[in-house]
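Sequences listed follow chains R and W, in order.
Following numbering that gives the first Met the number 0, the numbering of the first sequence begins with 0 at its first residue and continues without gaps.
Following numbering that gives the first Met the number 0, the numbering of the second sequence begins with 0 at its first residue and continues without gaps.
Everything labelled a hint here was simulated from the structure, so no lab data went into it.
It is possible that some hints are incorrect.
Pairs count within a copy or across copies, as identical chains cannot be separated in the list.
Claimed, not checked - As a list, the in silico DSBU-like pairs of lysine-lysine whose alpha-carbon atoms are at most 35 Å apart:
#: 1; residue 1: Lys515; residue 2: Lys595
#: 2; residue 1: Lys471; residue 2: Lys314
#: 3; residue 1: Lys194; residue 2: Lys452
#: 4; residue 1: Lys54; residue 2: Lys314
#: 5; residue 1: Lys452; residue 2: Lys287
Please read all numbers here as calculations on a predicted model, not as lab measurements.
Read off the chains here:
Number of protein chains: 2
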Amino acid sequence: MGKNIVQKILDAHLLDGELIPGQEIAIRIDQTLTQDATGTMSYLQFEAMGVPRVKTELSVSYVDHNTLQSGFENADDHRFLQTVAAKHGIYFSRPGNGICHQVHLERFGVPGKTMLGSDSHTPTGGGIGMIAIGAGGLDVAVAMGGGPFYLTCPKVVGVNLTGQLSPMVSAKDVILEVLRRLSVKGGVGKVIEYKGPGVATLSVPERATITNMGAELGATTSIFPSDEVTKAFLKAQNRESAWVELVADSDATYEEEITIDLSALEPMVACPHSPDAVKTVTEVGPIKVDQVLIGSCTNSSYSDLMKVAGILKGKTVHPTVSLGIAPGSKQVFEMLARNGALADLIASGARILESACGPCIGMGQSPNSGAVSVRTFNRNFEGRSGTADAKIYLSSPEIAAAAAITGVLTDPRELGDAIEVAMPEQFLIDDSMVLAPAEEGADVEVLRGPNIKALPINEALADTLQAPVLLKVGDNITTDHIMPAGSKILPLRSNIPAISQYVFSGVDASFADRAKEAGRGIIVGGQNYGQGSSREHAALAPMYLGVKAVITQSFARIHRANLINFGILPLTFVNESDLDKISQGDELEIVDVTTKLGQEEALEIRNVTTGETFSVRPDLTARQIAIIKAGGLLNYTRLNA
Amino acid sequence: MGKNIVQKILDAHLLDGELIPGQEIAIRIDQTLTQDATGTMSYLQFEAMGVPRVKTELSVSYVDHNTLQSGFENADDHRFLQTVAAKHGIYFSRPGNGICHQVHLERFGVPGKTMLGSDSHTPTGGGIGMIAIGAGGLDVAVAMGGGPFYLTCPKVVGVNLTGQLSPMVSAKDVILEVLRRLSVKGGVGKVIEYKGPGVATLSVPERATITNMGAELGATTSIFPSDEVTKAFLKAQNRESAWVELVADSDATYEEEITIDLSALEPMVACPHSPDAVKTVTEVGPIKVDQVLIGSCTNSSYSDLMKVAGILKGKTVHPTVSLGIAPGSKQVFEMLARNGALADLIASGARILESACGPCIGMGQSPNSGAVSVRTFNRNFEGRSGTADAKIYLSSPEIAAAAAITGVLTDPRELGDAIEVAMPEQFLIDDSMVLAPAEEGADVEVLRGPNIKALPINEALADTLQAPVLLKVGDNITTDHIMPAGSKILPLRSNIPAISQYVFSGVDASFADRAKEAGRGIIVGGQNYGQGSSREHAALAPMYLGVKAVITQSFARIHRANLINFGILPLTFVNESDLDKISQGDELEIVDVTTKLGQEEALEIRNVTTGETFSVRPDLTARQIAIIKAGGLLNYTRLNA
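Bound conformation, chain R alone:
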């Protein structure tokens, strides 16, 4: 039976399990990438593993998130990342070199390879035919150490592209159409594979825009074939030798299929506050726009910004609009500076921002109160812009540029002649801002600032788990409840002892102190515990505070995986009503837990305080049990290295 692209790549990298959707598989990872906001922790974890040099084909450490540097912490993190990369065989992309996904596509992505990245938009690499997956920092650290990546084998959704985009309709409109049809939950447990005659009409950066924002579908990743267009892109990047052809077999099958006629698409926006709240520009109408921002890993390629420059040339930004533009990479930035397009952008009144993620991750450029902000970004969650009541619309660069001129949401086709940008036959190649690792890592001193603390390591699971209930919470607790973010707490991401002081700080300010005093503890919760952001600090910081188990009615998927990674037992009530048998402060006890894990489907817990007993289910695979017993994935990996 023929294979689709996803099956071909997974098959070639399969280390364990079978390619049956829903089953756990393990794959070999060829490349990794990190960015600085998640990277510091990932490299601290890598260091803790004790592996001298990365075992991947290529690992790259990027700096693109914390570039505003409103305190010493960011620059210290950059310096740590630079030296730890040099020591352990990792390439380092310096601040100013651009956004990880854009740079990686230009200079490092290879069709047919697997990549794990500690950033949710890692699927950008699918535009060049990679299986590129976002994951937690510890998973990336393990991959750098040569360990397999475990995932649930995904279903493959075939998206059949027909026709061709009309002028001023763009790749962003394609992914917005997919989001409109599938919704932000439509991709869960799936990989989106693009195919059909429309594929050849899309450039690699256009394909990357589409796979990038597949993250907003909740998909494991998205992927395009590697074809002549891919070959031409790689040739223009002086990397033709990296090309391999990669297309689905003619008799390949898909678990689901949909068809999109590119010719039928028109300019669209995602309305506040969800990437799948998609409407055509015409449907929304000419609402007044206060801010326009162009850039991000979704839409900051050479051709994106050349289109914007073409639209803005000779015009002036509307008096009541603030227009910010952040080029996606040094390559893009320098090419625009060499060919006059950057001068046209500056002339129009655009505010040129550093080549970095910037406002897409809420780092600066918060709009005014109640503003309408049109952005070429990928997320428009409420408050993410830094302005609680702002209304964010996600759009193509063409729509954004049109709105910047007119001051209202505008169909770019109304501006007159369409702007066409040809892909360059040759990109400007200069990798001087990517530093190769040291030949002799042992000679390199890793520089740490006072805010970068050693990674705390969990202890192996004890035979008998006895601990007090430190906190009892209700349903739908998010990782933001467990480990808050924000400008005060984010700079502490490399400092678990400091950040752990804020665990549950919004729920119960005394939690951290109480946990420290108790020395060990258990958290009890209701349904859907740990939903929301994938931040691993929501497991790591409680681990540091001595949390040994979390007992709930149900868990959110990623947080449960993070709990296991850090050696915290995730347990669910056999009878949900047993939640009522526990009060905050009760002492709970599980005897012979190490023995019973894997042998018995349920564990008995005794409430020492009340004398009552009840049953909980661990629901762990053999591998997960071994991880828990070792005290987490790091210890497990070291034991099995």
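Fit chain W to the known structure of chain R by using the hints.
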């Protein structure tokens, strides 16, 4: 008797008093400028004055400080500034158009005119032959309303420039030499007037670098003649008609004179942590450099950045140095983008920052812990970079660029061929980012965000002042003690009710609540009360809390002026030891204060709590008494409008 330039301009603008150093004079102000960090309060004050249109020849509102926008407050302020400018006849320079002093020099500065600016580096305008003085926002508001500016008639220091700068020695080295000789207190009560044959060898931007950093001398301002060089600059800016010749009479005299041989200067730096800690680069030696920042109102002109581009062209920033460059204006930015220099800067690995003040005012780019940072800026106070233990060196662009390449402090003459940059015969003129005010101000709605509150207005002085001592403090209390700054409090600068909650918060956290409860109060202090930053919030916020008088052993000059401006009585003990007769919480009383002010040299205060009495001196001029009686300068100006 012949006149120097300062005497000529002051004479032509004198409204009151005599030009005798040390005496109070009043002058007419032709132009004003504001920046956004001080501007919002200045325009709130202007609004409170009830004057519909500014009465100056030209008033410009710039946005260059709060451009990172880490919350809604900044963009709201920008919108307020834009609309209030349109309403009241003020030109508005949009965010992205550049740093106020650089843009004003390029597009608005006129030789022989007076200018008041709510920024301490307003003396930049002296480079084009203006008397340009920094002042508090209220003084600028009064000037916009047509009121005179009162100042102590300064001494004039003649700085005789001879010879010519050697290649790779620059204007920055001239002002560093002046700082080395005179110190940061050497300019107090003085204007620095440059003269002599060396003047003609310096371009207008070079002269502006020198007058700009005259602020660090503590000088009232600095000024250069307006000559053929000035004429050529204005012609290249399409503003030749603004030129007038302005030179000192041949028999002009000066209170002090010094001579600097430009030919003898060599590359210098100001060492941590003071702008007058000046040494030659050779003396300091090749210390390791972690960060280089180029820009600011001191050194971000076209020729400054062309020199930097010339040095960096074809080279790569040293692997352990982070180089940031912020062009001074849109004009500079676009010219560099058009002629390829910007591409050379990007190619070298420079991080291109928005055209704004940026890291010079601690807005981003904080270096790593313990870093050595070489900056073309004007201040290197400890902690100002955002990194408490960083060591900041102030230098010319040439030295900064050399250090960026070599990674150590480097004499730029060692790099090989000198870079020479000719002044352009024609600058690129495009004023599209400067918005003219509305023809009909009445039609303009001023947009205010939730953080912009109406200005609180003081009440007229009561006949009998009876109030409790809210706080008793010691010597050398700074305006940072009175009204702290920092990232938490700065965004509240447009919101006096909110920011007043932080008055004395570091000294006594209960102060604000206690003051509000009492309704009115008095502060008692020791020597040198109110030293440091000129921030008017240190008077305005206590006024809002009901502070009616401050009684001390002595005051710092600017803070005392601010207290008067906001209608707070500044009183000093006749017998300093009477400080001991007052305890916090005592009730003090001055009877018939409105009558006695101006009639009696000393006022008697009765300590109602202890029954004791003691004498204090107001030391106020008749005008100041009228201001105090009116409840502050705003009320006084309205009464006399």
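Here's how the hints hold up against the structure:
no.: 1; hint: Lys515 <-> Lys595; result: within (28 Å within a copy, 64 Å between copies)
no.: 2; hint: Lys471 <-> Lys314; result: neither (59 Å within a copy, 60 Å between copies)
no.: 3; hint: Lys194 <-> Lys452; result: neither (47 Å within a copy, 57 Å between copies)
no.: 4; hint: Lys54 <-> Lys314; result: between (52 Å within a copy, 33 Å between copies)
no.: 5; hint: Lys452 <-> Lys287; result: between (47 Å within a copy, 25 Å between copies)
Hint check: violations occur at hints 2 and 3; the rest are consistent with the structure.
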